[in-house]
Amino acid sequence: DAKTTQPNSMESNEEEPVHLPCNHSTISGTDYIHWYRQLPSQGPEYVIHGLTSNVNNRMASLAIAEDRKSSTLILHRATLRDAAVYYCIRAFSSGSARQLTFGSGTQLTVLP
Amino acid sequence: SQTIHQWPATLVQPVGSPLSLECTVEGTSNPNLYWYRQAAGRGLQLLFYSVGIGQISSEVPQNLSASRPQDRQFILSSKKLLLSDSGFYLCAWSVVGPSRDEQFFGPGTRLTVL
Numbered sequence: 001d002a003k004t005t006q007p008n009s010m011e012s013n014e015e016e017p018v019h020l021p022c023n024h025s026t027i028s029g030t031d032y033i034h035w036y037r038q039l040p041s042q043g044p045e046y047v048i049h050g051l052t053s054n055v056n057n058r059m060a061s062l063a064i065a066e067d068r069k070s071s072t073l074i075l076h077r078a079t080l081r082d083a084a085v086y087y088c089i090r091a092f093s094s095g096s097a098r099q100l101t102f103g104s105g106t107q108l109t110v111l112p
Numbered sequence: 001s002q003t004i005h006q007w008p009a010t011l012v013q014p015v016g017s018p019l020s021l022e023c024t025v026e027g028t029s030n031p032n033l034y035w036y037r038q039a040a041g042r043g044l045q046l047l048f049y050s051v052g053i054g055q056i057s058s059e060v061p062q063n064l065s066a067s068r069p070q071d072r073q074f075i076l077s078s079k080k081l082l083l084s085d086s087g088f089y090l091c092a093w094s095v096v097g098p099s100r101d102e103q104f105f106g107p108g109t110r111l112t113v114l
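Protein sequences, first through last, are from chains A and B.
Residue numbering for the first sequence follows the numbering used here, starting at 1 and increasing by one per position.
Residue numbering for the second sequence follows the numbering used here, starting at 1 and increasing by one per position.
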C-alpha cells in the first residue's frame with residue numbers, strides 16, 4: 001500500500017514551470033515526503049524531500065500543504081531532460097534506515 | 001566519490017534455477033543497503049534492507065533472500081526461481097545518520113524467468 005496518489009501522466013512545454021501534485025492523506029506525523037524520478041531502464045534519482053516546511057534545492061522546489069495531506073513538486077523551467085516518471089514517496093524511519101514506499105508515479109512528458 | 005555497482009546487467013534464467021545478484025558500493029563505509037524490485041510498469045517494491053554486516057530485514061515474504069557478507073556487499077539470492085520473480089532489481093545505498101534521507105541507486109539487473 002503506497003499511501004500516495006499521483007496522476008498517471010502530465011505534459012508540459014519546455015521552459016515552462018511544472019507542478020506535479022501528490023496526495024498523501026494518511027501520512028503520519030513522522031513520515032517524510034520524498035520525490036524521486038526515474039528514466040527508462042535506470043535506477044531512480046533523488047530529487048527532494050521535506051517534512052513540514054517548503055524546501056528548495058538546485059533541482060526543484062517542494063511545497064507541502066499545512067495539513068501535510070498533499071504536496072506539490074515544482075520544476076521551475078522544464079527541459080527535455082526532465083521527462084521521466086516522478087515518484088512521490090512516503091518515507092519512514094526504521095532504526096537507522098529510511099524505508100521508501102513507491103507508488104505508480106507520474107509520467108512527465110516535456111514537449112519541445 | 002561513491003559508486004554503486006550491480007551485476008549482471010541482464011539475466012535470463014529458467015524456472016527452478018538458482019539466482020545470485022551482487023551489489024557493491026565503493027567510496028563509503030558502513031552504508032545502509034537496500035534491494036528493490038520493479039515489475040513492468042510499476043513502482044519499486046522494497047524487498048530487503050541492511051544496516052550492517054549480517055543484519056537483514058525483510059519487507060515482503062517471498063522466494064528470495066538477502067545476505068551482507070561484507071560491509072559494502074549486498075547479495076540477493078533464490079534457491080528456485082519462479083516466473084513471478086521476473087523484474088528489474090535495483091540495489092541502493094544511503095548513509096547512516098541525520099543525512100540518511102537520500103538513497104543512491106545502482107544501474108539495476110533485469111531478470112527474465114522463463
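None of these hints come from the bench; they were simulated from the model.
Where a beta carbon is used, it is the ideal one built from N, C-alpha and C, also for glycine.
Please note that the accuracy of each hint is not assured.
Which residues of chain B face chain A? A partial, calculated answer using Cβ under 10 Å [what the hints assert, rightly or not]:
1. Thr3
2. Trp7
3. Pro8
4. Gln38
5. Leu46
6. Tyr49
7. Ile53
8. Glu59
9. Ile75
10. Ser77
11. Phe104
Between beta-carbon pairs, the in silico distance windows are [what the hints assert, rightly or not]:
12. A:Gln42 / B:Val60: 35 to 45 Å
13. A:His19 / B:Arg42: 22 to 32 Å
14. A:Asn23 / B:Leu83: 33 to 43 Å
Each hint tested on the structure:
Nearest Cβ of chain A to the Cβ of Thr3 (chain B): about 12 Å, over the 10 Å cut. The hint is violated. Residue-level restraint check for Trp7 (chain B) is violated (minimum Cβ-Cβ distance to chain A is 14 Å; threshold 10 Å). A hinted interface residue such as Pro8 (chain B) counts as satisfied when its beta carbon comes closer than 10 Å to some beta carbon of chain A; here the least separation is about 14 Å, so the hint is violated. A least Cβ separation of about 8 Å between Gln38 (chain B) and chain A falls short of the 10 Å threshold, and the interface hint therefore holds.
Taking 10 Å as the C-beta contact cut-off toward chain A, the hint placing Leu46 (chain B) at the interface holds, the least distance being around 6 Å. For Tyr49 (chain B), the shortest C-beta to C-beta distance to chain A is roughly 5 Å, which falls under 10 Å, so the interface hint holds. For Ile53 (chain B), the suggested interface contact is broken, since its CB lies about 14 Å from the closest CB of chain A, more than 10 Å. Hint on Glu59 (chain B) holds. Least Cβ distance to chain A is approximately 7 Å, under the 10 Å limit.
Here the hint on Ile75 (chain B) is broken, as its CB sits about 18 Å from the closest CB of chain A, past 10 Å. Restraint check, Ser77 (chain B) versus chain A: the minimum CB separation of about 20 Å is more than 10 Å; hint violated. About 7 Å separates the beta-carbon of Phe104 (chain B) from the nearest beta-carbon of chain A, less than 10 Å, and the hint is met. About 23 Å separates the C-beta atoms of Gln42 (chain A) and Val60 (chain B), a value inconsistent with the hinted range of 35 to 45 Å.
Separation of His19 (chain A) from Arg42 (chain B) is about 24 Å and conforms to the stated range, judged on CB atoms against 22 to 32 Å. Evaluation of the 33 to 43 Å hint for Asn23 (chain A) and Leu83 (chain B) yields a pass: the beta carbon distance comes to about 34 Å.
Checked against the numbered hints above, the structure breaks hints 1, 2, 3, 7, 9, 10, 12 and satisfies the rest.
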